[in-house]
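Chains A and F supply the protein sequences, listed in that same order.
Throughout the first sequence, residue numbering follows my numbering, covering 11 to 121 in sequence.
Throughout the second sequence, residue numbering follows my numbering, covering 12 to 125 in sequence.
A portion of the hints provided could be inaccurate.
The calculated BS3-like cross-link candidates involving lysine-lysine, where the alpha carbons are at most 30 Å apart (straight line), are [to be verified]: (1) F:K22 <-> F:K82; (2) A:K86 <-> A:K67; (3) A:K113 <-> F:K68; (4) A:K116 <-> A:K86; (5) A:K116 <-> A:K78; (6) A:K91 <-> F:K22; (7) A:K116 <-> A:K67; (8) A:K67 <-> A:K91; (9) A:K113 <-> F:K82; (10) A:K116 <-> F:K22; (11) A:K78 <-> A:K67; (12) A:K113 <-> A:K86; (13) A:K113 <-> A:K91; (14) A:K67 <-> A:K113; (15) A:K113 <-> F:K25.
In silico negatives: residues of chain A with every beta carbon more than 10 Å from chain F [unchecked claim]: (16) I14; (17) T21; (18) N31; (19) S37; (20) E51; (21) E66; (22) K67; (23) R76; (24) S77; (25) D92; (26) A99; (27) G114; (28) S118; (29) V119.
Note that these hints are calculated values from the structure, not bench results.
Every residue, glycine too, gets a C-beta built ideally from N, C-alpha and C.
The residues making up each chain are set out below.
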Amino acid sequence: GQNIDQPTEMTATEGAIVQINCTYQTSGFNGLFWYQQHAGEAPTFLSYNVLDGLEEKGRFSSFLSRSKGYSYLLLKELQMKDSASYLCAVYSGAGSYQLTFGKGTKLSVIP
Amino acid sequence: DTGVSQDPRHKITKRGQNVTFRCDPISEHNRLYWYRQTLGQGPEFLTYFQNEAQLEKSRLLSDRFSAERPKGSFSTLEIQRTEQGDSAMYLCASSQRTEQETQYFGPGTRLLVL
Chain A
11 GQNIDQPTEM
21 TATEGAIVQI
31 NCTYQTSGFN
41 GLFWYQQHAG
51 EAPTFLSYNV
61 LDGLEEKGRF
71 SSFLSRSKGY
81 SYLLLKELQM
91 KDSASYLCAV
101 YSGAGSYQLT
111 FGKGTKLSVI
121 P
Chain F
12 DTGVSQDPRH
22 KITKRGQNVT
32 FRCDPISEHN
42 RLYWYRQTLG
52 QGPEFLTYFQ
62 NEAQLEKSRL
72 LSDRFSAERP
82 KGSFSTLEIQ
92 RTEQGDSAMY
102 LCASSQRTEQ
112 ETQYFGPGTR
122 LLVL
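In isolation and in its complexed conformation, chain F is listed as follows (with noise of 0.2 Å):
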């Protein structure tokens, strides 16, 4: 059973630097979604991919934050220029286009920015 994958599993960086996350979702999923955690507070939503196309976007993700899945299977979150607020969980889901659109998430990529 392959579940969704993400990678690195952790990052540190300098502040200003950028780096860039991947997220490998379920094989038969259509749907990626890219949340951020921090600590003791739920997953926000940062944007949704069907298949390549982006189609939405939170107001949480600056134009420092870009997204891409260009082939409608994996999917990469760049953070340019980065800051110590962006510190956080980056946790990518997906699922499939059911009428319960249960989202199924992967570890994880925490970033650190010092």
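Here chain A stands alone, though its shape is the one from the complex (with noise of 0.2 Å):
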């Protein structure tokens, strides 16, 4: 089966760090990715993980570690516009192409 497991909900400052887990148990690994998608809107692409390790995309980080079934996504020097729904999605391959979801975490940022 799929599991894929994150926070429901987080709060964070402007201008501070945010870090948002990700655990995944499935049947197969083929790569992982995170998504922004704010009220009622598409998700839209941030990062996709493969290897091993921090990838680094300006204020957005993405790490993996496939032994563990984990990764983060990192959010530094946050913005009010960074207020929405974070989400983890595995690629599982061997034929499929679909992505499974987890069901995403709420971010709100405060003043």
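Got two chains here, separate frames each, mind docking them using the hints?
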């Protein structure tokens, strides 16, 4: 089966750093994606990890440990516009092209 | 930059009616996906096309649901005899055949069944 866990909600202060964790147990693994989704809008691609380690992209970084089934998304210098849901999704591969999503973490950035 | 587009953006229908949604993928993308998302949940996979061939279907896709991609470009998702439980956001995504296979999502069609 597929199981992806993320915290339901988080709150952080403008200008601060926040880390959103994701743990997964899936029948296969061929990469992990992070998407941002503002309320009522489509998910937008943030990052992709397939190898262990940290991928940095501006204010956003994503980390993967395949042996631990663990990833995190790190957001630096938080801005009010970062208030959104953050979705962790696993691409299992092995002939299946679907993404399996977690329920998402709703991040609220406060002044 | 033309992204994934979906039409309509909103649909209100009465229980028992049929509805059809359209998705136009990014032009050079040969893979197209449909997902369904309800409030507080992540998107759930429904089906996937490579060009015009429907290669994967979720068990969520009951026999009231049918999807087509007749010429390998746009796709339609039809729901027959809608039920209140079908109320959700229907998302379409497309990807290019690469190692990363990043899926890019459209704005979605929000369906409300009364």
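Hints and how they fare:
no.: 1; hint: F:K22 <-> F:K82; in the structure: holds, 25 Å
no.: 2; hint: A:K86 <-> A:K67; in the structure: holds, 11 Å
no.: 3; hint: A:K113 <-> F:K68; in the structure: holds, 21 Å
no.: 4; hint: A:K116 <-> A:K86; in the structure: holds, 16 Å
no.: 5; hint: A:K116 <-> A:K78; in the structure: holds, 24 Å
no.: 6; hint: A:K91 <-> F:K22; in the structure: holds, 28 Å
no.: 7; hint: A:K116 <-> A:K67; in the structure: holds, 21 Å
no.: 8; hint: A:K67 <-> A:K91; in the structure: holds, 17 Å
no.: 9; hint: A:K113 <-> F:K82; in the structure: violated, 34 Å
no.: 10; hint: A:K116 <-> F:K22; in the structure: holds, 26 Å
no.: 11; hint: A:K78 <-> A:K67; in the structure: holds, 23 Å
no.: 12; hint: A:K113 <-> A:K86; in the structure: holds, 23 Å
no.: 13; hint: A:K113 <-> A:K91; in the structure: holds, 21 Å
no.: 14; hint: A:K67 <-> A:K113; in the structure: holds, 24 Å
no.: 15; hint: A:K113 <-> F:K25; in the structure: holds, 28 Å
no.: 16; hint: I14; in the structure: violated, 8 Å
no.: 17; hint: T21; in the structure: holds, 17 Å
no.: 18; hint: N31; in the structure: holds, 15 Å
no.: 19; hint: S37; in the structure: holds, 14 Å
no.: 20; hint: E51; in the structure: violated, 7 Å
no.: 21; hint: E66; in the structure: holds, 17 Å
no.: 22; hint: K67; in the structure: holds, 13 Å
no.: 23; hint: R76; in the structure: holds, 16 Å
no.: 24; hint: S77; in the structure: holds, 22 Å
no.: 25; hint: D92; in the structure: holds, 19 Å
no.: 26; hint: A99; in the structure: violated, 7 Å
no.: 27; hint: G114; in the structure: violated, 5 Å
no.: 28; hint: S118; in the structure: holds, 15 Å
no.: 29; hint: V119; in the structure: holds, 19 Å
Checked against the numbered hints above, the structure breaks hints 9, 16, 20, 26, 27 and satisfies the rest.
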